[in-house]
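Protein chains: 2
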Amino acid sequence: MTDLDPAQEPAIPAALAEARASIDNLDAALVHLLAERFKITRRVGRIKADAGLPPADPAREVEQVTRLRQLAVESELDPEFAEKFITFIVREVVRHHEQIRGADWVAG
Amino acid sequence: MTDLDPAQEPAIPAALAEARASIDNLDAALVHLLAERFKITRRVGRIKADAGLPPADPAREVEQVTRLRQLAVESELDPEFAEKFITFIVREVVRHHEQIRGADWVAG
Numbered sequence: 010m011t012d013l014d015p016a017q018e019p020a021i022p023a024a025l026a027e028a029r030a031s032i033d034n035l036d037a038a039l040v041h042l043l044a045e046r047f048k049i050t051r052r053v054g055r056i057k058a059d060a061g062l063p064p065a066d067p068a069r070e071v072e073q074v075t076r077l078r079q080l081a082v083e084s085e086l087d088p089e090f091a092e093k094f095i096t097f098i099v100r101e102v103v104r105h106h107e108q109i110r111g112a113d114w115v116a117g
Numbered sequence: 010m011t012d013l014d015p016a017q018e019p020a021i022p023a024a025l026a027e028a029r030a031s032i033d034n035l036d037a038a039l040v041h042l043l044a045e046r047f048k049i050t051r052r053v054g055r056i057k058a059d060a061g062l063p064p065a066d067p068a069r070e071v072e073q074v075t076r077l078r079q080l081a082v083e084s085e086l087d088p089e090f091a092e093k094f095i096t097f098i099v100r101e102v103v104r105h106h107e108q109i110r111g112a113d114w115v116a117g
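Taken in order, these protein sequences are the chains called A and B. Following our numbering, the numbering of the first sequence begins with 10 at its first residue and continues without gaps. Following our numbering, the numbering of the second sequence begins with 10 at its first residue and continues without gaps.
Calculated from the structure, these hints are not laboratory results. Mixed in with the good hints, there may be bad ones.
For identical chains, the list gives no copy identity; a pair is met inside one copy or between any two copies.
No more than 20 Å apart at the CA atoms, straight line, and that leaves these computed lysine to aspartate or glutamate pairs for EDC-like [stated by the list, open to error]:
#1 LYS93 to ASP59
#2 LYS93 to ASP36
#3 LYS93 to GLU27
#4 LYS48 to ASP66
#5 LYS48 to GLU89
#6 LYS48 to ASP36
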């Protein structure tokens, strides 16, 4: 008969598998929220292109960084990472906006 | 009396403001999900450090990329961006795991 002492044989694979299942759920949620976010920023891109506004808006970006750093602190996320994250997203959005403008978009 | 023709004077600031309010809501949700994700990966980092497992797990990362690219397609997000996103997150996680290992972590 096997006599496993839980203290000596921690269920590492089980604990890892459980954590990874939660990570996978959160990642699915993150991807779906990002999909929705880019649907909205595509609309913003068309509005900006129609109005002749520049793709980037530095003042808006400063506001976003400040707000998200604060939300990060409140939710115990590293605010430096939150800033890297929003910068990463905004860089992609501006690239989309430049493509829209480059394609000489005409509103339908 | 001002006689604005809506076709000549589109409510661009209002449409932009509305879109940005939705973006801000999604960003708050994203930050909170990321905060939760890093709480779980910190636990994973401790489990790995205790077990002497390496911080990175290339096979797991391939699975994550494949799955998230598929979820991206289903939700109309650019799968290339989904891959860049998960790579960005995993790079941060591995950095945390290396810090945990570097700090010669002992489980409490």
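| Which of the stated hints cannot be reconciled with the structure, identified by number in ascending sequence? | 1 and 3
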